[in-house]
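So the chains spell out like this:
2 protein chains.
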Amino acid sequence: MNLILLDDTDFLDRHQACIRDPRRLQHLHDVHHVEIGDTLTLGRREGGIGRGRLTEFSGQRAVFEFEALDQAPPAPLPIELILALPRPRMLARTLEHVTALGVKSITLMHTRRVEKSYWQSPELHPDKIHQHLVLGLEQARDTRLPSVSLEPRFKPFVEDRLAGWLDERQGLLAHPGTPAPCPRGIEHPTILVVGPEGGFIDYEVDTLLDVGCQGIHLGERILRVETAVIALLSRLA
Amino acid sequence: MNLILLDDTDFLDRHQACIRDPRRLQHLHDVHHVEIGDTLTLGRREGGIGRGRLTEFSGQRAVFEFEALDQAPPAPLPIELILALPRPRMLARTLEHVTALGVKSITLMHTRRVEKSYWQSPELHPDKIHQHLVLGLEQARDTRLPSVSLEPRFKPFVEDRLAGWLDERQGLLAHPGTPAPCPRGIEHPTILVVGPEGGFIDYEVDTLLDVGCQGIHLGERILRVETAVIALLSRLA
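Protein sequence lines, in the order shown, are assigned to chains B and L. By the UniProt record's numbering, the letter at position 143 of the first sequence is numbered 143, and the numbering carries on one by one without gaps. By the UniProt record's numbering, the letter at position 167 of the second sequence is numbered 167, and the numbering carries on one by one without gaps.
Extracted from the complex, chain B is given alone in its bound form (with noise of 0.2 Å):
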């Protein structure tokens, strides 16, 4: 926790917060070894970020005194991730990467490669995709959550909603093999697609293409996705 992310219920009044998850205590006592009167990053949740005093530390609370939380979270990075859904223990560790990267728009969606048990995993479940997003807020000390949607059917969303959205961005299509590389730096909007491991079949490719993506690929190596995805996004960027 490079930055204490604060929800609207944390706040006791304009200059106080309160936190009371066994989690954030722990690691408060465990990670920053905190003492009465230390001050650390603060940031409310969609909005600003400051530092604050604490004020008041046991097992079961730690308030937090501030002026204001007033500084910006650092800038959005002005990518959309598509991702076919990794499998669970990736999926987990990715979401922490990009949303610490600062993508602030995660598609998750079945390609013919992705293992259909993927989408029955208690890693789906909206209050863990959360979990992974606050510890990802929290790394990069930013404020503003991404969401995260799942498109489970690949052909009626690539065809009848990523084709417009590609009306107003650019969409890159990464995939090994294609003649374009990655560009160094974005000017526009983008959105970027990557594939599962063992990639895209052909007709996913066509279809992709067929919509507007513009294929690139990182060189030789063939990454697995959690190398690949943060690769990509640090070079778009």
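Hints in this document: simulated from the structure, not taken from any laboratory. Glycine is no exception: its CB is placed at the ideal position from the N, C-alpha and C atoms. It is possible that part of the hints are untrue.
Going by beta-carbon spacing under 8 Å, a handful of chain B positions derived as facing chain L [unchecked claim]: (1) A100; (2) Q139; (3) T227.
If you anchor each label on the Cβ, the simulated ranges turn out as follows [claimed, not checked]: (4) L:R45 - B:R169: 42 to 48 Å; (5) L:D202 - B:D38: 16 to 22 Å; (6) L:R87 - B:T9: 31 to 37 Å; (7) L:E46 - B:H125: 43 to 49 Å; (8) B:Q120 - L:P22: 29 to 35 Å; (9) L:G198 - B:P189: 33 to 39 Å.
With chain B held as given, fit chain L onto it using these hints.
Quick look at chain L alone, frame taken from chain B:
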């Protein structure tokens, strides 16, 4: 395994290799669902790559036949990585990530914020390190193992050895808050220095700058080491 990495001892003759270890046999069975006659990508350690046909497959052995393993492996990344020793689980994943990305020289170094206990971890055993490197090579279809060295003393390593290496390479110190952004693409052989979770202490930053490193940053977001290393290598590559 996007490539089956063959040791010299796996070769039966110039056109046949036999795999006997349970890890690879199981992976061929469970993930590749191989059958006799299937064609897979093979690579000779430190050598070339080619396609081989499975001619025998049992619980004990898999035999491949091939014409030649004569294609070049992917180009190495001209970046040497010096990394504060991460905690064991993150070390394992990071070794795989950076090997897949093509780094050929990895130095794991002590710094103030590296917990001393990490140096006792079984993950630092040469066999364990080797396993993670092999996983990274198999992922990226590479055959050339990175070298990994351990530097448990910060000051003598930086002042006596790193200082000398920097005569012929540029050194980039990734450190939040330094003025220069991480360059996009490098033109010279480069040494990238990355700190531990929690960062370098001021003395360490000063020492690294004194011996000739240049500070660079990835923006105001604070990333986990695992994420930052991939993002830095991808931005620089």
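* Taking 42 to 48 Å as the hint, is the beta-carbon distance of L:R45 and B:R169 inside that range? -> Roughly 44 Å apart at Cβ, these two residues keep to the hinted range, so it holds.
* Quick one: are L:E46 and B:H125 within 43 to 49 Å, going by C-beta? -> Holds: the Cβ-Cβ distance is about 47 Å, inside 43 to 49 Å.
* Asked: L:R87 and B:T9, beta-carbon distance inside 31 to 37 Å?
  -> holds (33 Å)
* Honestly, do L:G198 and B:P189 meet the 33 to 39 Å range at C-beta? -> holds (34 Å)
* **Satisfaction of the B:T227 interface hint, Cβ to chain L closer than 8 Å** => With a closest approach of 5 Å, the B:T227 hint holds.
* Asked: Between B:Q120 and L:P22, is the Cβ distance one that fits in 29 to 35 Å?
  -> holds (30 Å)
* Status of the given 16 to 22 Å range, CB of B:D38 versus CB of L:D202 -> holds (19 Å)
* **Interface hint status, B:Q139 versus chain L (Cβ within 8 Å)** => Since the shortest Cβ distance to chain L is 6 Å, the answer is holds.
* To do: Let me know if the C-beta of B:A100 comes in closer than 8 Å to any C-beta of chain L, holds or violated.
  => holds (6 Å)
In summary, this structure violates none of the numbered hints.
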